[in-house]
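Peer 1: Here's the letter readout for the chains.
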Amino acid sequence: MITGFAAMLWKEFIQMRRDKFTLAMMVGIPSIQLVLFGYAIRTEVRHVPMVVLDESRTAESRQLIDVMRNTGNFDIVGMVQSRDEIRVRIERGSAHAALVIPPDYLRDIKRGRGATAQVIVDAADPLSSSAAISTASLAAQVTSLSILQESGAAPQTPPLDVRVRPWYNPDLKSSTFIVPGIIGVLLAMMLILITSMAIVRERERGTLEQLVVTPISKTALMLGKIVPFIVVGYVQMTVILVLGKVLFDIPIRGSVPLLYLLTMAYIVANLALGMLVSTVTKTQVQAMQLSFFLILPNILLSGFMFPRDAMPEVAKWLGNALPLTYYLNILRGVLLKGIGMSELWQDTLALCAFAAGLIMLSVRRFTKTIG
Amino acid sequence: MTAAAADDVAVRAEKLRKVFGTFVAVDSLDLEIRRGDVFGLLGPNGSGKTTTIRMLCGLLDPTSGTGRVAGYDVTREPEMVKRSIGYMSQRYGLYDDLSVYENIRFYATVYGLTGSTRSKRIDELLDELHLRKRSEQRAGTLSGGWKQRLALAAATAHRPPVLFLDEPTAGVDPASRREFWSRIHAMAAAGTTILVTTHYMDEASQCKHLAFLSRGHLIAHGTPEEVLKHFGQPTIEDVFIELQKRDER
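Those sequence lines, one after another, are chains U and D.
By our numbering, the letter at position 170 of the first sequence is numbered 170, and the numbering carries on one by one without gaps.
Every position in the second sequence, counted from 1, becomes a number in our numbering once 371 is added.
Keep in mind the hints are simulated off the structure, nothing from the lab.
All values derive from a computational prediction rather than experimental measurement.
For every residue, glycine included, the Cβ atom is placed at its ideal position computed from N, Cα and C.
A few of these clues could be false.
[Unchecked claim] Facing chain U, according to a computed beta carbon distance under 7 Å, are these residues of chain D, among others:
1) 450
2) 454
3) 455
4) 462
5) 493
[Stated by the list, open to error] Just so you have them, the derived chain D footprint on chain U, three or more residues with Cβ under 8 Å:
6) 13-22
7) 209-219
[Stated by the list, open to error] Quick list of simulated restraints, FRET-style, between CB atoms:
8) D:390 with U:364: 20 to 30 Å
9) U:219 with D:406: 28 to 38 Å
10) D:403 with U:219: 34 to 44 Å
11) U:231 with D:576: 47 to 57 Å
12) D:619 with U:283: 23 to 33 Å
13) U:280 with D:403: 18 to 28 Å
Construct the complete structure from the given sequences, taking the supplied hints into account.
Peer 2: See below:
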């Protein structure tokens, strides 16, 4: 048993070292994906081009425009003279937002009535528009507060306190949110893909059949096939963590050893999925296709990119069936919030249940297919 | 059965039968292969050769009947059977990205050889099969004949008393075939029992005994001469063609 396992390990590591392409994939893909996802996926919105229709033309209206500009989320790209002009600019795409200050803006302020300024947003991109809306309302509040202070009058009703207080990610940087998730997505991607392909390759080449007629035990065969990929998984995770720290300055607030420990359950669950894929596919191409099919819901439904709170019930249930959903809580919890087992025990339990269930199922199927 | 007789028979199948669903792949097969024999299991595609060999290797449980290889029961002691046999198929089962030396070393280790026993055995195989000069070459870059030698080295790393060859010389040039067969005869002379499944004529003519399978049934067995006489055909090729015709009827 030990000799057989050692022989498998020896062979796997030689093969891994020789297979330059896979080796490059193991380190290259995490780095490339990290940079791509980290830089390209931006849910925070900066520099939305905005035009202004200032019908008030007062110091107060200019103050409001300044506040808008100073949020950094809007670039004032021009002053316009009419609502038709706004429409033209937005339709042409040279502006994605417009600020309209009505002629009676100053009068309303003076009278202590609520002054209204309008922000028009091109909602074709719902993500950036919702961000623009929240920024605009923030700007409006800032302005109204300063107006109250300037007038010196004690507000009869205190201004409604709906200040946005972004915890854990005060800069609202999407990379802080995305990068920890990349660890989970990439581990799933690489482990399911590489494991299934490595096993199917042995089947395709006839070496699996050759191994089965030798006295090597099934346990040694399977462990020998799996253990090298656990090492690969940890290497990839480390690459992303280090690059994430260096390139995106993601915070590491919690215990790194705890994160590595909990990651084991996640790695095992994905290896088991890879083994399952290998038992139902005959060629490496099929294994690759099925792997990608399995990875897609991980990206879409786990909460990696899109918040699960906003998902319809069905999508939420499906997300509950993904190990990544729980692993994401652990990743973000440990890295961003610095929390530990007392808060994460439920996610850990779910992840361990997945790992145990999947490995039992895949071992059963695997031993059956090798007869 | 006396002890001496048991020792003399290396492979024995009694009423061996394998059914897949409703398809009878092998039916009441009786075989007896003596120690040191070169035994050819012949038959068209789908005649049950591979199923038979898989049952004898302990890979497939027979539906009924018994098989004994090197003194071990294939259903009850498959692990002991696996230790006693070498298996080489036309796919060779080599790792293309490992060198010649690494392939032999890997299989030797899997068969339980370690330390100086292993290195001595690897040296022996490299010399006997003239693989020494190529020991550092990757298996994937070898030509057919060299791959075949390497596969034989890997399959016999543990000096198995019984060797199964599943269409071993497919796609190999004539010179390499001759070399291969002289090696097989040498091993048989030294006491190794060899079972070859094939539908190639030249491999059949190299065997001391033949058994013909057709649709899962043993229809003739004996020395090549006896088999020819049984079918009343001039060559083994004619026997094949005759069998194929019967199958198609």
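Peer 1: All hints are to be evaluated individually against the structure, with a verdict given for each.
Peer 2: Evaluated hints:
no.	hint	result
1	450	holds (6 Å)
2	454	holds (5 Å)
3	455	violated (9 Å)
4	462	holds (3 Å)
5	493	violated (13 Å)
6	13-22	holds (count 4)
7	209-219	holds (count 8)
8	D:390 with U:364: 20 to 30 Å	holds (24 Å)
9	U:219 with D:406: 28 to 38 Å	holds (34 Å)
10	D:403 with U:219: 34 to 44 Å	holds (36 Å)
11	U:231 with D:576: 47 to 57 Å	holds (52 Å)
12	D:619 with U:283: 23 to 33 Å	holds (32 Å)
13	U:280 with D:403: 18 to 28 Å	violated (41 Å)
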